[in-house]
Amino acid sequence: MPFLQFGTTLDTSKKLKNIQKVPRVLIIGGGVVGMTSALQLLNKGYKVTVLAKEYASPVSSGKRITSEIAGALWEWPPAVCGRHTNEKSLERAKVWCMDGYAKFMELAMNSKETGAFLRQSIFYFKDKVNNLPQQLEKMNELNHLPGFRHDAKLIEETGVNTDTGVVDAYQHMAPMVDTVTYMQWLYKQCREKGCRFVHDEIHGLLRDQAEDLKKKYKAQLIFNCSGLNAKELAGDEDVYPLRGVILKVRNDGSLMPKLNHSMCISIIKEFDESDKEGQSFVFILPRGDDKLWLGGMVQPHQWDRDLTLDYPPIRRMFEKVKEFYPPLRNYGDDDVEEVLVGLRPARHGNVRLEWEAPLICAQFEYITQHADYENIKFNIF
Numbered sequence: 001m002p003f004l005q006f007g008t009t010l011d012t013s014k015k016l017k018n019i020q021k022v023p024r025v026l027i028i029g030g031g032v033v034g035m036t037s038a039l040q041l042l043n044k045g046y047k048v049t050v051l052a053k054e055y056a057s058p059v060s061s062g063k064r065i066t067s068e069i070a071g072a073l074w075e076w077p078p079a080v081c082g083r084h085t086n087e088k089s090l091e092r093a094k095v096w097c098m099d100g101y102a103k104f105m106e107l108a109m110n111s112k113e114t115g116a117f118l119r120q121s122i123f124y125f126k127d128k129v130n131n132l133p134q135q136l137e138k139m140n141e142l143n144h145l146p147g148f149r150h151d152a153k154l155i156e157e158t159g160v161n162t163d164t165g166v167v168d169a170y171q172h173m174a175p176m177v178d179t180v181t182y183m184q185w186l187y188k189q190c191r192e193k194g195c196r197f198v199h200d201e202i203h204g205l206l207r208d209q210a211e212d213l214k215k216k217y218k219a220q221l222i223f224n225c226s227g228l229n230a231k232e233l234a235g236d237e238d239v240y241p242l243r244g245v246i247l248k249v250r251n252d253g254s255l256m257p258k259l260n261h262s263m264c265i266s267i268i269k270e271f272d273e274s275d276k277e278g279q280s281f282v283f284i285l286p287r288g289d290d291k292l293w294l295g296g297m298v299q300p301h302q303w304d305r306d307l308t309l310d311y312p313p314i315r316r317m318f319e320k321v322k323e324f325y326p327p328l329r330n331y332g333d334d335d336v337e338e339v340l341v342g343l344r345p346a347r348h349g350n351v352r353l354e355w356e357a358p359l360i361c362a363q364f365e366y367i368t369q370h371a372d373y374e375n376i377k378f379n380i381f
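The numbers in the UniProt record's numbering rise by one with no breaks, and the one at position 10 of the sequence shown is 10.
Treat each hint with caution, since some may be false.
[Claimed, not checked] Derived BS3-like pairs (lysine-lysine); straight-line CA-CA distance at most 25 angstroms:
id	residue 1	residue 2
1	Lys63	Lys291
2	Lys216	Lys53
3	Lys320	Lys248
[Claimed, not checked] For each label pair, taking beta carbons as the anchor points, the in silico distance ranges come out as:
id	residue 1	residue 2	range
4	Asp208	Asn161	47 to 57 angstroms
5	Thr308	Pro23	46 to 56 angstroms
6	Leu309	Pro23	46 to 56 angstroms
Hint data in this document are derived by calculation from the structure and do not stem from the laboratory. Beta carbons are placed, not taken as given, at the ideal position from N, Cα and C, and that holds for glycine.
Kindly generate the complete structure, drawing on both the sequences and the hints.
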């Protein structure tokens, strides 16, 4: 099956029309991609079975799947964690991004149940945006958003330490998602619509097991939404992890005034896949009513999730956000409730887009996952 470059149109409409009579779809993967696919198919009238080794936990702590550790802040591409894809990928993502913005704005109307909410998002820069061509282009593309303001006065108004070198800033309203709440909302929506959930694990090439799986689960179509596990299930050696780390602390006003907006400094330089130490950026994000997520870093090709505050890059990351936003200096090691480590799926070169009978392979960015949900188009790793 040939690979299609990201941005190439894959016309699935006729194929999907041909499977309108299909009674059941099997989805491999219980993360945000799998569950969003399940929900949209259920809304179309299909019967759906979701198979996954792990599902998101309903409790506030414990082992997390990658979808729960995602920052889930709406951002105009490229995100603060760097340019991980080429220009074609970015252009397509921009279309999806606005679809995602509209959908999460809608979900934010019921934020307590969905976990989606709308807040001010502020981006800071160590040079004037007008001197940074890529950042200037990005800013000009999003200046129509609600609450947009480009003003260096934001630095002083938000209490940022000017000794860190920031000289410019802009803000806009952006959807943010409490991923723990949101995943449970997705599960609830799917469960109420008749979705069947199976705890199981698959190894080896999925295409070699497709017929047996179809018989076992009485399915006529399989969606591969396995994320990083596509490396094995799709036999794609170009798939690799981007390790990210977030520190969770309380945001209840007890150690500093409660923060109600996000604060970010982007990675400006081009992303380097060979840099195993990774790149760091500033990421301060309100999460729900009383939590704050602090970050961040992105480390390619790193699989270990067993990290603590004693890991030097995490220690430097913690000190960096405290230097940037001085009120965070009131937080010590004992105030860190969790060190959250997630492995984002990435792929060398470009996104892989593929329809392979009887499989559909799929992967979305978190915030753009509602895009094209009427036609169910996928960007695939």
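Of the hints given before, which are not true for this structure?
none
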